[in-house]
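Number of protein chains: 2
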Amino acid sequence: MKPTRRIPAATISRLPLYLRELEELTAGGEDVVSSRVLSDLTRFTSEQIRKDLAYFGAFGRRGIGYSVRHLAASIRQILGIADEPELALVGAGRLGTALLRYLSRRHAGLAVGPVFDSDPKKAMGSVEGYTVLPADAITEEVQRRQIRLAAITVPAPAAAQVFAALVAGGVRAVLNFAPVKLQHPDVFVNNLDLATELQALAFYGQLREGKADEGAGA
Amino acid sequence: MKPTRRIPAATISRLPLYLRELEELTAGGEDVVSSRVLSDLTRFTSEQIRKDLAYFGAFGRRGIGYSVRHLAASIRQILGIADEPELALVGAGRLGTALLRYLSRRHAGLAVGPVFDSDPKKAMGSVEGYTVLPADAITEEVQRRQIRLAAITVPAPAAAQVFAALVAGGVRAVLNFAPVKLQHPDVFVNNLDLATELQALAFYGQLREGKADEGAGA
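Top line first, the protein sequences correspond to chains Y and A.
Using our numbering, the first residue of the first sequence is number 218, and each one after it goes up by one.
Using our numbering, the first residue of the second sequence is number 218, and each one after it goes up by one.
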């Protein structure tokens, strides 16, 4: 189940949503789930679900359904969260702290790795129980711990430099909350600017009647 | 420039990104911008940009380009942020507070409206200078102030009830951070679960060589 680059980003973004439901089913004691039930739970069509899973091989049996635990384990493998990779966080402000808390409370399959901040008052202190390291240690620390994932929650002017330091250290995928479009040919970047998300939302707030369109983004 | 329901969600989600660059250009004293320059700035193709803008009428002149201010003003009109609509926020925790701070610092075209929290210790107190109202006032307050937009930053178990209260008050578009899929036939919901965003990110962190795919989501 080696990841390839041919899989649509939309498929990848749905896998965690399937996983979320499978984990709920596991917690509820369910052993088997049909694509129809998974469809009801996730609101994606059965066809969509079957098509998404088909990218990764054969799951489930016709007329029976999917083994809840097996499918959940497979999705964790596919996503690369089965062995809880570490995530580096840069920016220990409100948003960064919210993200830390979120990660430490939910079992998302990701471990909080090093936390960095350029503010000397924060660096070498601690946030939510995690030690905060100075931003100039990013490349070395990320390289030493072989970290591939990072989240950037710094203000816009600091984002490009932080990104370069992460990439130099070997980071391959970044969730960027700073309102700046970051990119690098060898790195996957999900630029998630909360202000632009809210502005797009405003568009739909104007619609007065009839059905609103379904979900933006992934 | 009345919004219709035929416009792809992906187009709507790109408009704020165009606007962000246009505002930078305005700040830099630029009067005119070509779709090529806008393409360099946003990393979307010129064709994509022209196609997106064509949904809303004729902008720009062949061989000259777009008037920066006119196009920015038009996009604000299209998105419905020209008159700074109010956004209701439910959940005055870390993430909610980060969002409040974000909105009050950046001129995103959205005004912070009422802030709610179900915690009696927070309700009737204040966060970031905004008064926090009790969650049971949601429907009445949202209705009274004719609020159409809301963000939900409460824990999962509270999300459905909060959502119902907002919808009952007339909210038409919701940015939901709670890890629960909320939906209603007359309401646009952008379900933005940060844990699932990070899990999808993990997939790309596994890719070892060659070019990573471009941006997930919008």
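Treat the hints with caution; some may be incorrect.
Given that identical chains are not distinguished, each listed pair holds provided it fits within a single copy or across any two copies.
[To be verified] List time: in silico EDC-like cross-link candidates among lysine to aspartate or glutamate, alpha-carbon distance up to 20 Å: (1) 398 - 240; (2) 339 - 403; (3) 398 - 414; (4) 339 - 300; (5) 339 - 248; (6) 339 - 264; (7) 339 - 241; (8) 398 - 257; (9) 338 - 269.
Treat the hints as calculated values from the structure; they're not laboratory data.
All values derive from a computational prediction rather than experimental measurement.
Task: Non-conforming hints, listed in increasing numerical order - done: 2, 4, 5, 6, 7 and 9
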